[in-house]
Amino acid sequence: MNMTTVAAQYGKRPAKFLELSGANEYMEALAQILNIRKSDIWISKRGKGGGTLQPPKMVVRFAQWLDVRFTVWCDLMIDYILQGNIQTSVVVPTEEAVAVALPLVA
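Heads up: the sequence shown at position 60 corresponds to 59 in numbering that gives the first Met the number 0, and the numbers run straight through without jumps.
Hints are computed from structural coordinates only; laboratory data are not their basis.
In silico lysine to aspartate or glutamate, DMTMM-like type, Cα no more than 25 Å apart, as pairs:
id: 1; residue 1: 15; residue 2: 39
id: 2; residue 1: 15; residue 2: 74
id: 3; residue 1: 56; residue 2: 74
id: 4; residue 1: 11; residue 2: 74
id: 5; residue 1: 15; residue 2: 27
id: 6; residue 1: 37; residue 2: 27
Restraint-style ranges between C-beta atoms, simulated for each label pair:
id: 7; residue 1: 68; residue 2: 95; range: 30 to 40 Å
id: 8; residue 1: 39; residue 2: 63; range: 16 to 26 Å
id: 9; residue 1: 71; residue 2: 36; range: 27 to 37 Å
Ideal Cβ placement from N, Cα and C applies to all residues, glycine included.
Work the whole structure out from these sequences, hints included.
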């Protein structure tokens, strides 16, 4: 996802998100938990078609920074789940599904 394009719609720049200590702490924890490099989480490309790109794992955190209403919605959904007001299920993808999806997020 091109975060530069999305942020522009909110009058913001991805570089400002990176200046937040919470954003960096989140990326460090995410990299550690996923056993990847922090540089794999936030990718900037220059030139035509460039911009700041993020993998799906960071998109929600970035979207929360863009619009506090989305943060509230996320918090409410978590609260509903914890209270048992929303039924959830976890579906573990098959190896074939993962093989198909990986090129899409890379």
